[in-house]
Structure formats: structure tokens, C-alpha cells
Amino acid sequence: MLANQYNNHALTDEELLNLATEMEGHPDNVAPALLGGLVISTVREGKVYCQKVALSETLDFVTFIPPYESSTSEARQLLPDLYPKADVVHNISRVALLVSCLMTENYHNVSESLEDKLHEPYRKDTIPDYAPIKALKQLPDIYGSFISGAGPTMIALAHVTTETKHMLSRQFSHLNIRYLTVNNQGYYWE
Numbered sequence: 001m002l003a004n005q006y007n008n009h010a011l012t013d014e015e016l017l018n019l020a021t022e023m024e025g026h027p028d029n030v031a032p033a034l035l036g037g038l039v040i041s042t043v044r045e046g047k048v049y050c051q052k053v054a055l056s057e058t059l060d061f062v063t064f065i066p067p068y069e070s071s072t073s074e075a076r077q078l079l080p081d082l083y084p085k086a087d088v089v090h091n092i093s094r095v096a097l098l099v100s101c102l103m104t105e106n107y108h109n110v111s112e113s114l115e116d117k118l119h120e121p122y123r124k125d126t127i128p129d130y131a132p133i134k135a136l137k138q139l140p141d142i143y144g145s146f147i148s149g150a151g152p153t154m155i156a157l158a159h160v161t162t163e164t165k166h167m168l169s170r171q172f173s174h175l176n177i178r179y180l181t182v183n184n185q186g187y188y189w190e
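If you read the sequence shown in the UniProt record's numbering, its first letter stands for residue 1, the second for the next number, and so on.
All clues stand as given, with none of them false.
Think about it this way: if two alpha-carbon atoms lie no more than 30 Å apart in a straight line, the pair counts; the simulated DSBU-like pairs of lysine-lysine are: (1) K137 to K124; (2) K124 to K85; (3) K52 to K117; (4) K117 to K137; (5) K165 to K124.
Pairwise CB distance ranges (calculated): (6) E14 to P84: 33 to 39 Å; (7) L11 to H166: 44 to 50 Å; (8) Q171 to V88: 30 to 36 Å; (9) W189 to T58: 21 to 27 Å; (10) T181 to S100: 19 to 25 Å; (11) W189 to I65: 24 to 30 Å; (12) I40 to T63: 20 to 26 Å; (13) L118 to E24: 17 to 23 Å; (14) T12 to Q171: 45 to 51 Å.
Simulated from the structure, these hints should not be mistaken for lab results.
C-beta: ideal position from N, C-alpha, C; glycine also.
The whole structure should be built from the sequences, with the hints applied where relevant.
Right under this line is the structure:
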């Protein structure tokens, strides 16, 4: 992007997205970084197809970062080669529900939408704080949580109060907790 900036924007955002996706291998991280917001994307024959959804800028993404890292390739090895059809259907319906909750800012079904059957059951035992972080959905200002990528970082969707921040810092003092906000703009130059 910096090279593109110095070359008077020789590449369009679409070309940047395709190039970054080719370098990364998938658009999952680069598309939201470039475009901002929630970006739903897929790739076909080297071309990225994506749809951006603006999110409420009052929504908090509470990240729970442990003092250790895990290997993505090792985390992938924990996953089965095949899944039961019912588990796949379960997750597809939950993804649709989550997108609807985020688009409408109606968060009461977020917890249900984050109930995963495709990767969390296989990876949760590698994350010591998995169960207590998942249990945070019982708090009125935390809607649900999930493993970020292959882990071990977890993220909770919330509208966090000061009181909850204090409680989290006490309960999870061994973790690096960050409160991230929505960026609907994507990358920009100052």
C-alpha cells in the first residue's frame, strides 16, 4: 500500500485486494484491513469477491491475548478431515444469524450465533481460559466470544462498561486484554 501511495495509486483498491490476497493466500484478514468493517469474501479463479458491511462503531471487540503463541499448522492438525453434515449446517446457519445480528445491531442472538461445531470443539482444550471466557456471555454487556483464527487469542463482542472492564482485568490479569473498536473506513493515510 505504501508503494502504491508513492506511485500515485497505480493500483485500484480492487487490484490491491487481489494482490494482497494472492500474497496472504486468502482474503480473510486483508479484505477487512483494506476496506474496513465486516467483509464477507470468497475467491474464485484468483479473483476476490467481497461484500462490506458497516458495523456499529459502538461495538467493542474485547481481545484476550495469552502470553504464549500457538502454531497455526499444529492447530489445523487438530481438525478432522471430514465433518458431519449436521455440524456444517449448524455453522452455516450460525454465520447467517451472526451477520444479521451485526447488520441490525440486534445483539441478543449473538451468543447463539457464535456456537461453533467446526473448530472450537477441537481447539478449545489448547486454550486454558477457553471456558471462563465463553462463560462471560452471562454478563449483560458481553454478547458472546470465539477463538480468533487458530487461537490462542479469543475475542468477545460487547458493549463493555467500566465495571466490567475492572472485573475482566482482575479475573484475567494474566492475559493482555485489549478493547478494540470498529473501523469502517479501512486503511488510510494521515
